[in-house]
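As a plain string of letters, each chain reads:
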Amino acid sequence: MKSVLITFDQAHYENIIELLTKLNCRGFTAWPEVTGRGSVKGEPHYGSHAWPALAQAIITIVPDDRADALLQGLKALDDARPKLGLRAFSWTIDKSI
Amino acid sequence: MSLYGSAVKRPIMTTLCFVAVVIMGLFSLSKLPIDLYPDIETNTIMVMTSYPGASAQDIEQNVTRPLENVLNSVSNLKHISSKSRENISVITLEFEYGNDIDVITNDVRDKLDMIASQLPDDAENPTIFKFSTDMIPIMLLSVQASESMPGLYKILEDAVTNPLARVPGVGSVSISGAPKREIHVYVDPARLEAYNLTIEGISSIVANENRNIPGGSFDIGNDTYSMRVQGEFTSSDQLKNLVIGTHDGRNVYLSDVAKIDDSLEERAQETYNNGLKGAMIVVQKQSGANSVEISNKVLKMLPDLQKRLPSDVKLDIIVDTSDNIRNTIDSLIETVLYALLFVVLVVFLFLGRWRATVIITITIPISLIASFIYLAITGDSLNIVSLSALSISIGMVVDDAIVVLENVTTHIERGSDPKQAAVHGTNEVAISVVASTLTLIAVFFPLTLVTGMTGVLFRQLGWMVTIMMVISTTCALSLTPMLCSQMLRLNHHHSKLYNIFFRPIEKGLDAFDNGYASLLRWVVSHKIITIVLCLATFFGSLQLVKHVGTEFFPTNDDGRLGVNLELPIGTRVEVSKEVTDRLVKEWQQKYPEIKTINYSVGSASSDNTWASLSDNGPHIVSMNIKLSDPGDRDRHITDIAAGMRQDLLQYPEYKKALVNVGGNRGGSMGGQSTVDFEIYGYDFDETDSVAQMLKAELQKIPGTADITISRSDYQPEYQIDFDREKLAMYGLNLATAATYVRNRINGATASKFREDGEEYDIKVMYNKESRQSIEDIENILIYNAQGQSVRIKDVGKVVERFSPPTIERKDRERIITVSSIVQGVPMSQVVTAARAAIDKMDIPQGVSISIAGSYEDQQESFGDLLMLAVLIVILVYIVMAAQFESYTYPAIIMTSLLFAFSGVFIILYLTGHTLNIMSMIGAIMLIGIVVKNGIVLIDYITLNRERGLSIRRAVIDAGRSRLRPVVMTTLTTILGMIPMAVGTGQGAEMWRPMGTAVIGGLTFSTILTLLFVPVLYCVFARRGIKRQRRKFHKRLAKQQKAEAKKLLEQNN
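Protein chains in written order, with the numbering used here: chain D, 1 to 97; chain A, 10001 to 11052.
Derived from the structure by calculation, the hints contain no laboratory data. There's no promise every hint is true.
As a list, the in silico DSS-like pairs of lysine-lysine whose alpha-carbon atoms are at most 27 Å apart [as the list claims (entries may be wrong)]:
1. A:Lys-10180 x A:Lys-10009
2. A:Lys-10277 x A:Lys-10240
3. D:Lys-22 x A:Lys-10419
4. A:Lys-10419 x D:Lys-41
5. A:Lys-10752 x A:Lys-10180
6. A:Lys-10009 x D:Lys-22
7. A:Lys-10277 x A:Lys-10656
8. A:Lys-10277 x A:Lys-10595
9. A:Lys-10768 x A:Lys-10154
10. D:Lys-83 x A:Lys-10655
11. D:Lys-83 x A:Lys-10009
12. A:Lys-10419 x D:Lys-75
13. A:Lys-10419 x D:Lys-83
14. A:Lys-10507 x A:Lys-10590
15. A:Lys-10240 x A:Lys-10154
16. A:Lys-10655 x A:Lys-10277
17. A:Lys-10585 x A:Lys-10595
Distance windows between CB atoms, simulated [to be verified]:
18. D:Pro-82 x A:Val-10434: 29 to 37 Å
19. A:Ile-10333 x D:Gly-47: 44 to 52 Å
20. D:Gly-47 x A:Phe-10027: 42 to 50 Å
21. D:Pro-82 x A:Ile-11007: 37 to 45 Å
22. A:Ala-10536 x D:Pro-82: 49 to 57 Å
23. A:Val-10532 x D:Glu-14: 18 to 26 Å
24. A:Met-10024 x D:Asp-79: 44 to 52 Å
25. A:Leu-10533 x D:Glu-14: 52 to 60 Å
26. A:Met-10024 x D:Gly-47: 22 to 30 Å
27. D:Pro-82 x A:Arg-11030: 27 to 35 Å
28. D:Pro-32 x A:Ala-10536: 52 to 60 Å
29. A:Leu-10337 x D:Arg-26: 54 to 62 Å
30. A:Ser-10495 x D:Asp-79: 25 to 33 Å
Stretch-level coverage of chain D by chain A, calculated; a stretch enters the list once three of its residues show a Cβ under 8 Å from a Cβ in chain A [to be verified]:
31. 42 to 54
32. 70 to 84
Small disclaimer: the values here were computed from a predicted structure and weren't measured. We put the CB at the ideal spot given by N, CA and C, even for glycine.
Please construct the entire structure, taking both the sequences and the accompanying hints into account.
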């Protein structure tokens, strides 16, 4: 089992849900409005006067075999709209109930 | 979910909601009546009390004063003025506008009940009379006739006035100039004396002979029949053979002592149309009815009515007030359409994309049409004010949509889906869109709170613009994002056409941006020079204020002139007519602009409602002139009026001559302004001489014309002074004697002659030749109860006297008003010159002069508007301070107001317009419009600084990127106003100053704001940083000191 944390510009939301559905990853948890900025470039997403854009975050736990496909799909999404911003991080899950 | 979220998600619902609004709006529009002004409720009540037999002074002392004292306590009273003349007291109560006149009327009635018992016993009960604009005739029709002239009254009554009066909404229709039929029995006094007969005897015989009397019913066999005596005359000839007495055993017939004359009433108003004798039909509307609607119906009926008339009788229109309304509204609608076109063009040129242009411009019709719903609900009409509101708003309603669309486009270009972009893009700007609408509402909403005359006019403007702003913002936050999500596409490829047309435009705009950025770079490096230059321009423009005149309302050219002419009292109708005919001929030659010229002269009969209410008499001529349409002639109505006033100086026959633009004198809107000088003082002679002096002084002032003194001269008249003792000796009393005189001169109405369902008076009186000298009067015989006769000269004396003039009072003091028309110069110039002249005059103690008329109205309205401006500035400041969470930034933005006012003064000076109510309203609207530019600029500068840019870079960067939206929104507003400012249609004089003021103020302030505001921002921001640094250093020093102290203590 792998956990994938996806943080992205709000505009990506529907595409990501679509991707998850396509990969048959049913479970996820989403935070509709989160703020933050990228480590290298891209506009900060603060929801403030200066940086009005907002980000969202989704965490999903997927079987190992689907994690790569998911990350690849996310990469493709990010490449298609580089200015929006999308990052995903995955790590292994030891146990779950 | 947010408004825009749901709108984007549910496009069908959003579309249909707005479609519903548009349908409701269009439905309301189809029901809206057309009028010139919003419904102005009457604010005047008249109280009339007659006290027969009392002189002017008695009336003043015993009726007017007690009534004034008690009526003065009615609430909301503005002025109380009165006229006391022989037999009658007329008190006029003027109230503040905007109060419920019915409540006030009840209040007045209560007060009158209170005082009723204290009035003299013979005084009749005071009657209340409400004057309203409804009483002004809406149409005057001229009637030309030749052979039918003698029977014209009856012809017109049957074929024209009765059918017209049946039109719904028509109040009364009166005929003037067509005398009514009357049967005169002209008695020869010598023969009367010879047969020992009296006029009274003859009248009672005529009355007794001309009767039908039912004789009851009687039975013959099985039937019951009624019995009648039919004595009524069937022809006036029957009068001749009436036996009126016997003499020496022979019958005396009426024809033996009198001449029977079946003709027209003796003294009637005569009317001349274009120099030909005819009649005039006056149409008044019912209170509250719509004049345009009624006039349309009347106009539609006219061809039909014409067919019913004999061939020599021709109907024509002299005045149709609705004509002016229709033309004015049409030209204003044209203005609105031009404004719409200009705005669409600007948006298209700046954006270069038709989809974006459609999305933005669709808000215009929706907001405008939605405001019609408001008009329909409140029962208002489509008038100058509501249409101006539309014209003003066109440029402003697109602003919000532009901001939203721009941000959504940015999102799409960044890679968002149009749907996502629409929601998030709108979300980001929603607050600033609402805030900028709030600043505009802060300007327009207080307009709904103004009181007085201006309040009545601008309440509608305030509501309309506020509603349109709210609708446009709602539209921008729901319909615009929805349309963006549906219509906008990420499209980097442009068509060939785009490349041909828009590449050069875009290049030009880019060069413009860069040019501005370089200029901005220069000004922020030369702050002091910029600030000094800008402030110098501002203070320099203030010098122009002296040269820009002020007035109340611009004079409206409705192509209608009213001329009131007065010859010396007692002039015979024939003389008045002869002089006026000469004048008419001269004017017809001199002014080819005259379409019809019509005048009435003579005393009006009491059944002509309109004429009997206005001044009339054999020496008074009232004239109506209709000019061709303003677009078809070179001379403005005021120039023609000025020429006519010059011409009238060549006619010394006229004692008073007034030329009134727009028909009535001193009309607060549209007519030429008047300045009234009110001379208060008790003593007649003193105030008279001051009035004469003032008139002489005023005549020297350029720009004054038609100067009148309200107090009329002493009127010459004949009176009979009866000796009561002698009367008593003959067994007579004064009333009997006076009635004898009246019956012989005025005539005794003996009976009515009936024919075809109409009744005509049969009047018995002396023949004309026997009532033309004082001897004739002195020889009148009076009979006592025993039948003994005595001549007037034996019991009294006929003397010539002067009856004192009407005593006028205002606010419970005697007053004379010297009134002058202002012609060719601003009103303020005349007032200043008059003030100087009054200061030099030697005014007796107890006499004071104050200035009223249009000037008073202007001062009041200007006061109201200035107050309003202050209120608005405060409100706008509050809205901005709340938005920026700062006290400084709004203050910086507010400086653009200074330049807006400079711009107003400069453009008024250059175009020669005056500062009047309309230009003032323009200036007030500017408060909201110009701060918007500042808000956009400062908002982006602070955004840049929050993003970490230095002050200088933040300012230049913001300038470059915000220039286009600022110029675009400014251009839409300016271009929206241009059709108003340059309009030449009917009524354009009214809104031209407003359009001009907004254009001047906005242009000037935008140019200077784009330079001054960034510089000022730099100055204040730098000071802020320095202050923070100083604080930081102080704190640091304090800390270091404390640490050093601590260290020292530890060491110790």
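Comparing the hints with the structure gives:
1. A:Lys-10180 x A:Lys-10009: Roughly 77 Å separates the two Cα atoms, so the pair is violated.
2. A:Lys-10277 x A:Lys-10240: Since the Cα atoms of Lys-10277 of chain A and Lys-10240 of chain A sit roughly 32 Å apart, the hinted pair is violated (cutoff 27 Å).
3. D:Lys-22 x A:Lys-10419: Holds: Lys-22 of chain D and Lys-10419 of chain A sit about 21 Å apart, inside 27 Å.
4. A:Lys-10419 x D:Lys-41: Holds: Lys-10419 of chain A and Lys-41 of chain D sit about 25 Å apart, inside 27 Å.
5. A:Lys-10752 x A:Lys-10180: holds (13 Å)
6. A:Lys-10009 x D:Lys-22: holds (23 Å)
7. A:Lys-10277 x A:Lys-10656: Given that 27 Å is the threshold and the Cα spacing comes to 24 Å, the pair holds.
8. A:Lys-10277 x A:Lys-10595: Given that 27 Å is the threshold and the Cα spacing comes to 17 Å, the pair holds.
9. A:Lys-10768 x A:Lys-10154: holds (26 Å)
10. D:Lys-83 x A:Lys-10655: violated (88 Å)
11. D:Lys-83 x A:Lys-10009: holds (25 Å)
12. A:Lys-10419 x D:Lys-75: holds (22 Å)
13. A:Lys-10419 x D:Lys-83: This hinted pair holds, its Cα atoms lying about 17 Å apart.
14. A:Lys-10507 x A:Lys-10590: violated (59 Å)
15. A:Lys-10240 x A:Lys-10154: holds (24 Å)
16. A:Lys-10655 x A:Lys-10277: holds (24 Å)
17. A:Lys-10585 x A:Lys-10595: holds (13 Å)
18. D:Pro-82 x A:Val-10434: 29 to 37 Å: Distance hint for Pro-82 of chain D, Val-10434 of chain A holds at roughly 33 Å.
19. A:Ile-10333 x D:Gly-47: 44 to 52 Å: holds (46 Å)
20. D:Gly-47 x A:Phe-10027: 42 to 50 Å: About 43 Å separates the Cβ atoms of Gly-47 of chain D and Phe-10027 of chain A, which means 42 to 50 Å holds.
21. D:Pro-82 x A:Ile-11007: 37 to 45 Å: With Cβ atoms ~40 Å apart, the hint holds.
22. A:Ala-10536 x D:Pro-82: 49 to 57 Å: holds (51 Å)
23. A:Val-10532 x D:Glu-14: 18 to 26 Å: violated (57 Å)
24. A:Met-10024 x D:Asp-79: 44 to 52 Å: Holds: the Cβ-Cβ distance is about 50 Å, inside 44 to 52 Å.
25. A:Leu-10533 x D:Glu-14: 52 to 60 Å: At 55 Å between Cβs, range holds.
26. A:Met-10024 x D:Gly-47: 22 to 30 Å: violated (38 Å)
27. D:Pro-82 x A:Arg-11030: 27 to 35 Å: violated (44 Å)
28. D:Pro-32 x A:Ala-10536: 52 to 60 Å: holds (55 Å)
29. A:Leu-10337 x D:Arg-26: 54 to 62 Å: holds (59 Å)
30. A:Ser-10495 x D:Asp-79: 25 to 33 Å: holds (29 Å)
31. 42 to 54: holds (count 7)
32. 70 to 84: n = 5 at 8 Å, threshold three: holds.
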